[in-house]
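As given, the protein sequences belong to chains S and U, one line each in that order.
Every letter in the first sequence is one number past the one before it in this note's numbering, and letter 96, counting from 1, is 756.
Every letter in the second sequence is one number past the one before it in this note's numbering, and letter 86, counting from 1, is 94.
Hints in this document: simulated from the structure, not taken from any laboratory.
Nothing here was measured: the structure is a model prediction, and the numbers come from that model.
Don't be surprised by glycine CBs; every beta carbon is placed ideally from N, CA and C.
A few of these clues could be false.
As the list claims (entries may be wrong) - If you only want the chain S side, here are some residues facing chain U, beta carbon under 10 Å, derived:
(1) Arg679
(2) Val709
(3) Lys714
(4) Gly722
Residue strings, one per chain:
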Amino acid sequence: MPDPMRIRANALADGVDVRVLMSHEMETGQRKDGSGNVVPAHFISNVTVTHAGKTVLSAEWGPAVSKNPYLQFKFQGGKKGDEISVTWVDTKGETRTDKAVIG
Amino acid sequence: MSTSRREFVKLSGTFGVLAAIGVLTEEQALAQQAAWNKAAFETRNLADTLKALGGAGVTESKAIAITVPDIAENGAVVPVAVTSRIPGTQNVYILVEKNPNMLAAAFAIPQGTDPGVSTRIKMGQTSNVLAVVKSNAQFYVASKEVKVTLGGCGG
Chain S
661 MPDPMRIRAN
671 ALADGVDVRV
681 LMSHEMETGQ
691 RKDGSGNVVP
701 AHFISNVTVT
711 HAGKTVLSAE
721 WGPAVSKNPY
731 LQFKFQGGKK
741 GDEISVTWVD
751 TKGETRTDKA
761 VIG
Chain U
9 MSTSRREFVK
19 LSGTFGVLAA
29 IGVLTEEQAL
39 AQQAAWNKAA
49 FETRNLADTL
59 KALGGAGVTE
69 SKAIAITVPD
79 IAENGAVVPV
89 AVTSRIPGTQ
99 NVYILVEKNP
109 NMLAAAFAIP
119 QGTDPGVSTR
129 IKMGQTSNVL
139 AVVKSNAQFY
149 VASKEVKVTL
159 GGCGG
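Excised from the complex, chain U in its bound form (with noise of 0.2 Å):
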């Protein structure tokens, strides 16, 4: 069966829509092939990240723990681990408060995978560093600070 004039129109408006407002560039079309959440890794704080992640509030918890050093040095390579002991943790998100741009990594954690990460990342500048466990649609953290005697974005 053809498409219908109708259902025709109604598609290409959407495309159109989607082209006009720049959603569809050749560059996120790839990102969003791999599945890369571009609106969570533009937000500028944590409420509009926890809701570009699709959670509404979040509750302390004492059952994540995040190892990051009390000073670094050296801004550009800060070693992050979070390890979370919530039942069902099914992501562990890294963000730090005053970067550009809070989100700095998303892991997806299946059954069968230590809900624990460790990694490095880059400091702008002296500030909290936050975990954010996601289990059961909901939305917990805990922070820790993190003093930077030289910033990680100057290159």
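One chain only, chain S, in its complex shape (with noise of 0.2 Å):
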């Protein structure tokens, strides 16, 4: 089971900020082991985030996002106690999904 997102949502004056820290490898499948064999790729490829049922955000990464990614967008129409969710899939079809309550 893949380590736990850290989410924060904070509802602002423009807008509910979100904040996402996920962990993850993000091995590009260019990178070679000590004895020369390359490591294969692993990534995050999709994120979806939603909001009262609706997606507020969803990306499609390739490897090129850092390790342990990282994601900040606003969106409109939330208040202070609402729950978002932050799912991530990767390319060995692994997924996680954490919840957040806007504060």
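Mind docking these for me? Both chains are given alone in their own frames, and the hints should help you get the complex.
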């Protein structure tokens, strides 16, 4: 089971500010290990953020996104106490969903 | 009604071809499930990337703000923020000109979400970082150079 994400969602005057820190190796498939073997690619390919049953952001990522990816964006229509949900899927089909309450 | 022989032949033909050219490996089937634009992530120049994203030309735009450091000491972690002031921004793409594959990240911005994202990317060497925005089937671009003193691909 992959490590949980750290999610912070704050209701500001100009919308809900969402910050997510995921825990993932984001292996590019171009790196070699100590004995010269290529380390196979393994990275988060899809991220979806939902609020009140509606997708507020979806992303497709390549291996060029940094290890332990960070994501920040803002959306309208959320308020304090609402829940948001973040889901990622990686190239091995592993997935993780975490929820956070807007503060 | 059962599938007629003609239709069956047509169908199996299609799948046969897909499997033969390697379109339907297990890994790719998974990626497809989650709608990952493999073609776009494998391109090596801007024209091909745009084509894979469904665009033809691209217009330079001053309405896209791209925030990157002038000098990145560590190419493995380069913070990038893109904000678009183009009305009807639907997609934001972050590209690195000199990475092995240009496209780093693609974001779909639904209505109600601000057309801006921040993330962190890897850069192999000093290069232009491009922010491409799609609005009403048109593509716009802005770019900024980041000097990398230590590449992000060596590990």
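These are the hints, each one checked on the structure:
1. Arg679: 9 Å, holds
2. Val709: 9 Å, holds
3. Lys714: This interface hint holds because 7 Å falls under the 10 Å limit.
4. Gly722: 4 Å, holds
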